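Asks: My request is simple: use the sequences and hints to build the entire structure.
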Amino acid sequence: EAGVAQSPRYKIIEKRQSVAFWCNPISGHATLYWYQQILGQGPKLLIQFQNNGVVDDSQLPKDRFSAERLKGVDSTLKIQPAKLEDSAVYLCASSPVGSYSNQPQHFGDGTRLSIL
Amino acid sequence: AQSVTQLDSQVPVFEEAPVELRCNYSSSVSVYLFWYVQYPNQGLQLLLKYLSGSTLVKGINGFEAEFNKSQTSFHLRKPSVHISDTAEYFCAVSGSNTDKLIFGTGTRLQVFP
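Each protein sequence line maps, in turn, to chains V and F.
Residue 1 is where the first sequence starts when you use the working numbering, and the numbers rise one by one after that.
Residue 1001 is where the second sequence starts when you use the working numbering, and the numbers rise one by one after that.
Since the hints were derived computationally from the structure, they do not count as laboratory data.
Here the structure is a predicted model, which means the values were calculated and not measured.
Among the clues, some could well be false.
What the hints assert, rightly or not - Lysine-lysine pairs mimicking DSSO-like chemistry, simulated, CA-CA at most 30 Å apart: (1) V:Lys71 with V:Lys11; (2) V:Lys44 with V:Lys83; (3) V:Lys78 with V:Lys44; (4) F:Lys1100 with V:Lys44; (5) V:Lys62 with V:Lys11; (6) F:Lys1100 with V:Lys62; (7) V:Lys44 with F:Lys1058; (8) V:Lys11 with V:Lys78; (9) F:Lys1069 with V:Lys44; (10) V:Lys71 with F:Lys1100; (11) V:Lys15 with V:Lys83; (12) V:Lys78 with V:Lys62; (13) V:Lys62 with V:Lys15; (14) F:Lys1058 with F:Lys1100; (15) F:Lys1058 with F:Lys1069; (16) V:Lys44 with V:Lys11; (17) V:Lys11 with F:Lys1100; (18) F:Lys1100 with V:Lys78; (19) F:Lys1069 with F:Lys1100; (20) V:Lys83 with V:Lys11; (21) F:Lys1100 with F:Lys1049; (22) V:Lys83 with V:Lys62; (23) V:Lys44 with V:Lys62; (24) V:Lys44 with F:Lys1049; (25) V:Lys83 with F:Lys1100; (26) V:Lys71 with V:Lys44; (27) V:Lys78 with V:Lys15.
Replies: Next up, the structure:
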């Protein structure tokens, strides 16, 4: 089966600019996650969707970050305006079923964002 | 709330030697534990998971881990490592009341010839 697809793989922007990332989960996976991985740290959950509804966005900086999953399939994560501390790898993951299933999450290769 | 501590940020080891990567967790509810591996410029790949049952869990690439509830540990082991095992390893925990994965800070395994 095809894995989680993310694009772009790399992005370089200047601070205060905006940027968007795209994720296409594994076909049929109901749950989609966006993580931020800062260099030298483990991934940190930004937002979790189940189908097209938000389950958890408690750690999403909502003043500058937004995410949507229209039609419950692919998803976009946007940052506007970007700050230097947003430099990180943004990982998308998906899992087959809904909440509390503890099904393993399948990760994409991520988008590496550099802010100048 | 759950948390994970990976005690070693880097573990250097020679090829064919055994290795143990340490992970301790804390949780107020029943836990589910995972080890993921991340190769350079790639996403995370699941090595193994503990949900319930036998405390010794076997995963891919010859890795295994043992869940120890009394010591709140889930250490990852491999009896003989290869150069290709060089990567970043992350321990993660979730609980019976959440899907949310909490990751440790990672351990970089460097295998030398």
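Asks: Against each hint, give a clear statement of whether it holds in the structure.
Replies: Hint check results:
The suggested pairing of lysine 71 (chain V) with lysine 11 (chain V) holds, with an alpha-carbon distance near 26 Å, which does not exceed 30 Å. Between the alpha carbons of lysine 44 (chain V) and lysine 83 (chain V) the distance comes to roughly 17 Å, so the proposed pair stays at or under 30 Å and holds. Taking the CA atoms of lysine 78 (chain V) and lysine 44 (chain V), the gap is near 16 Å; set against the 30 Å cutoff, the hint holds. Taking the CA atoms of lysine 1100 (chain F) and lysine 44 (chain V), the gap is near 10 Å; set against the 30 Å cutoff, the hint holds.
Annotation: proposed proximity of lysine 62 (chain V) to lysine 11 (chain V) holds, straight-line Cα distance about 21 Å (limit 30 Å). Proximity of lysine 1100 (chain F) to lysine 62 (chain V) is assessed by CA-CA distance (about 19 Å); at most 30 Å being required, the pair is judged to hold. Pair hint lysine 44 (chain V) plus lysine 1058 (chain F) holds up; C-alpha atoms about 26 Å apart against a cutoff of 30 Å. Note on lysine 11 (chain V) and lysine 78 (chain V): the hinted pairing holds, with a Cα-Cα distance of about 13 Å set against a maximum of 30 Å.
This hinted pair checks out: lysine 1069 (chain F) and lysine 44 (chain V) have alpha carbons roughly 25 Å apart, not beyond 30 Å. At roughly 23 Å between alpha-carbon atoms, lysine 71 (chain V) and lysine 1100 (chain F) fall within 30 Å of each other, so this suggested pair holds. A C-alpha spacing of about 5 Å is found between lysine 15 (chain V) and lysine 83 (chain V), which places the hinted pair at or below 30 Å, so the restraint holds. At most 30 Å may separate the alpha-carbon atoms for a hinted pair to count; lysine 78 (chain V) and lysine 62 (chain V) meet this at roughly 10 Å.
Between lysine 62 (chain V) and lysine 15 (chain V), the direct Cα distance comes to roughly 17 Å. Compliance with the 30 Å bound is thereby established for this hinted pair. At most 30 Å may separate the alpha-carbon atoms for a hinted pair to count; lysine 1058 (chain F) and lysine 1100 (chain F) meet this at roughly 23 Å. With a C-alpha separation of about 17 Å, the suggested pairing of lysine 1058 (chain F) with lysine 1069 (chain F) holds against the 30 Å cut-off. For the hint pairing lysine 44 (chain V) with lysine 11 (chain V), the CA-to-CA distance comes to about 20 Å; that is within 30 Å, so the pair holds.
Our distance criterion of 30 Å between C-alpha atoms is met by lysine 11 (chain V) and lysine 1100 (chain F), whose separation comes to about 27 Å. The straight-line distance between the Cα atoms of lysine 1100 (chain F) and lysine 78 (chain V) is roughly 21 Å, inside the 30 Å bound, and the hint therefore holds. Taken as a hint, the lysine 1069 (chain F) and lysine 1100 (chain F) pair is honoured in the structure, with Cα atoms around 20 Å apart against an allowance of 30 Å. For a cut-off of 30 Å, the pair hint linking lysine 83 (chain V) to lysine 11 (chain V) stands: about 14 Å separates their Cα positions.
The straight-line distance between the Cα atoms of lysine 1100 (chain F) and lysine 1049 (chain F) is roughly 15 Å, inside the 30 Å bound, and the hint therefore holds. Taking the CA atoms of lysine 83 (chain V) and lysine 62 (chain V), the gap is about 13 Å. The hint holds against a cut of 30 Å. Proximity of lysine 44 (chain V) to lysine 62 (chain V) is assessed by CA-CA distance (about 15 Å); at most 30 Å being required, the pair is judged to hold. A C-alpha spacing of about 19 Å is found between lysine 44 (chain V) and lysine 1049 (chain F), which places the hinted pair at or below 30 Å, so the restraint holds.
For the given pair, lysine 83 (chain V) sits about 26 Å from lysine 1100 (chain F) by alpha-carbon distance, which is consistent with the 30 Å threshold. Under the criterion of a C-alpha separation no larger than 30 Å, the hint pairing lysine 71 (chain V) with lysine 44 (chain V) is consistent with the structure, at around 25 Å. Distance check on the hinted pair: lysine 78 (chain V) and lysine 15 (chain V) sit about 14 Å apart at the alpha-carbon level, within 30 Å; holds.
Every hint from the earlier list agrees with this structure, and none is contradicted.
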